[in-house]
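Engineer: Here is what each chain is made of, one letter per residue.
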Amino acid sequence: MAGDEKLIESIVGRYDGEVGMLIPMMQDVQAEYGYLPVKQLRLLSKQLEVPLSRLFAVATFYSSFRLAPKGAHEVTLCMGTVCYLKGAGGICEAICKEFRVEPGGTTRDRLFSFQAVNCVGACALAPVMVVDGKYYDGATAESAIEILHSLEPAEETAETSAKETAT
Amino acid sequence: MPTVIIDGQKVEVERDATVLDAAKKAGVWIPTLCYHPAVSISGSCRVCMVELDRGDWRQLITACNYPVRRDIVVYISSDRAERARRGVMELLLARSPESPELKELAERMGVKSTPYPTVTESQRSCILCGLCIAVCEDIIGKAAIGYAGRGVDRTVASPFRQPSEDCIGCGACAAVCPVGTIKVRVHEEQEEVEISPFKSRGKLLVCEQCRAPIVSTQVGEQALGKVEMNREEFRELMRLCPKCRRSKTAARLEAGNIDKQRGGRVVS
Ligand code: SF4
Ligand code: FES
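Listed in order, the protein sequences are those of chains A and B.
Here our numbering is used: the first residue of the first sequence is 1, the next is one more, and so on.
Here our numbering is used: the first residue of the second sequence is 1001, the next is one more, and so on.
Bear in mind the hints are in silico, worked out from the structure with no lab data behind them.
Just to be clear, a hint being listed does not mean it is correct.
[Claimed, not checked] Just some of the chain A residues that point at chain B, by a computed CB distance under 7 Å:
hint	residue
1	Val38
2	Pro51
3	Leu52
4	Ser53
5	Arg54
6	Phe56
7	Ala57
8	Thr60
9	Phe61
[What the hints assert, rightly or not] Computed footprint of chain A on chain B, listed as stretches where at least three residues anywhere in the stretch have a Cβ under 8 Å from a Cβ of chain A:
hint	stretch
10	1137-1144
11	1158-1164
[As the list claims (entries may be wrong)] Restricting the straight-line Cα-Cα distance to at most 27 Å, the calculated cross-link-like pairs of lysine-lysine (BS3-like) are:
hint	chain 1	residue 1	chain 2	residue 2
12	A	Lys39	B	Lys1199
13	B	Lys1183	B	Lys1103
14	A	Lys46	B	Lys1203
15	B	Lys1203	A	Lys39
16	A	Lys86	A	Lys134
17	A	Lys46	B	Lys1142
18	A	Lys97	B	Lys1199
19	B	Lys1142	A	Lys39
20	A	Lys46	B	Lys1103
21	A	Lys46	B	Lys1226
Nothing here was measured: the structure is a model prediction, and the numbers come from that model.
We put the CB at the ideal spot given by N, CA and C, even for glycine.
This is chain B alone, in the form it adopts within the complex (with noise of 0.2 Å):
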């Protein structure tokens, strides 16, 4: 195996692991907003550079893809590498200079403010990481969104910047969104989750006894598809929220009529 020195610490990691993978396993603390372990890793945030050492001079990487193939040796808290991701900072606290979860990105790594110009409305708060597009496509199978436009103007679109009719509001683009632009609103008058920006619209599960929402039908069919369903009463506690859920279940353990046999089996 490997072995990565980081800053004079020595980690060995399974071959083509990343310098990120070493740095967690050292440690030590590697800032990233476009990493996320459920989707394939694109880079394109530059927020984790780190400095490699290639004997004579020091090359910048990103370390959330470098693999390490053989051992070497990288700095973190070097001056050029922070002043490098420092830098990225600036520049991705521009584009999004209202987002309280880069700000505070921000701030741990000893950045205030950016002197930069910070982007117009249309861009909406947004850093291109490509989280979303990845999660929608990779791992929900969705693909509902997109990027949009190319150079200064690329956005993150749904089709046509109309509501998707692939979006079925399960609200993954916004759990990985690193910088909270993407939102999940629920119209309670409505019944209806949509995903912010893109107006994509779908109707709630709600609760049969309180009304409280739960997930978006499409998203309930989908999940309920993998379940066989077999019995009656499963299928009625599928349709109360976990609260309710919790309460009749409750009452009927209390009324000494649950059976051991669980209600549902998972197929797939």
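With the rest of the complex left out, here is chain A (with noise of 0.2 Å):
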């Protein structure tokens, strides 16, 4: 795809080529497409001449670099303390087993970026699932998993935020 190139070569351009300049190049990527996809990269290093493991390192080092693109849902699952007491770690596992997802990674379907984080603040409701916003207390792996499984499956054009970048 030529324009797949132009926009790279473009971005490139915009730094003037300097090897140096490449996370803000990536955050441009990121920016353009809402992640940052293998094709992009592979060009952006070829151009760069720089190797595609140094540019994998980058994008995997910095946590709000995506390598895949956001599901149509969002769904955060509380591991802190409480929670994790309380089974979160389970439910974490019982999550990526059925949708084949790792935390910090999409569904293949793009039904759902999956999020484990530390804590969202609601330890009296542990263990504590959060989807698009709504939060489902005293979770357990198979109400999880039910919860997930109704939510409403993406759609073609499934849009990814194309404001967002790396900082």
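With the hints in hand, could you dock these two chains into one complex?
Structural biologist: Written out as structure tokens, the structure reads:
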């Protein structure tokens, strides 16, 4: 796709092809696509003559870089002390297994992005799962999976927020 | 030349030689893991710690990257130095508890086991010394693997944890890995070589006669690119494994039809 190539070229051009500006370039790519697509990173690696492994290292070092598009829904599981003691670890494992997703990742079908965070500040409700801002208290592996299965599937044009950039 | 006194023994070394060099010269052993003469020193494993005399106090330094610039006194077998190294070894053992190489080194250092919880499967017994990454980038010139993630989640991985397209299947990473985490697997039926755990694969050059694997085709091509091949006979020999090559040459010798001139000339 010539368009992608042009775009990467123009991003590289913005910084005069300066390898030291790799991070701002990657931020621009993410701003454009909503995440860092493999193909675009490949193009960037070629144009800058920087090994792809280096780009991957940078992309995985900063938590605000995303390697997968955002899902249609935002799922956050609290892994804070109280939630953890009340079984959040098991819930996390169950979700990962059922939907073949990893914390920080998005399901294949883009149904949801999954995050395991350290505390959502609702310890009295532990264990807590937050779906699109809605809090579910006293979650169990079964109830969590049931809730997630009932989510509306992603529309074909799973829009990704183009404004977010890495910091 | 500055002198280094190691556990009371005096040696002279070039300026900017390391304490490790001095110890070698003195015939004193210091354990090392992330040190390899082929690549630049990273000083990441900390297993080579020794004590440096600072007058009224002693400083722990890593022997592999501490440059000798003046006359110094170091202690390798002092209590504190040994304790420091054992402490590091216990931490490393927790990361790579199954490695025979590491266990052997631990034993030599008097460490039997680790009091720490051992790491999870996903961290794959890697002590994160960085040798494989350095050799792939600096020596092979491919940079097919690199660090991924950060903090406790840091690992060595190929880009996107997918088989790397830059990997030529040379196996240099496996050769330098001090704990045997990286393995070269030969898949005979598919005539492919795999660098595990990165899952990078490459076609194998197999011997035309006995089908024994020789090297990956890409390594073969790179190596041959450095040689001027001016004779068909040489080219033929290159397509054979060392064993078949020898027997073919021997047969020729016996038949008395080998000429004096060598088949190939290295041009670079
Ligand atoms: S895989 Fe081996 S060589 Fe590479 S960083 Fe880990 S321990 Fe070191
Ligand atoms: S050998 Fe010196 S720090 Fe690893």
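Engineer: Check each numbered hint against the structure and report the violated ones by number, ascending.
Structural biologist: Structure breaks hint 20 only.
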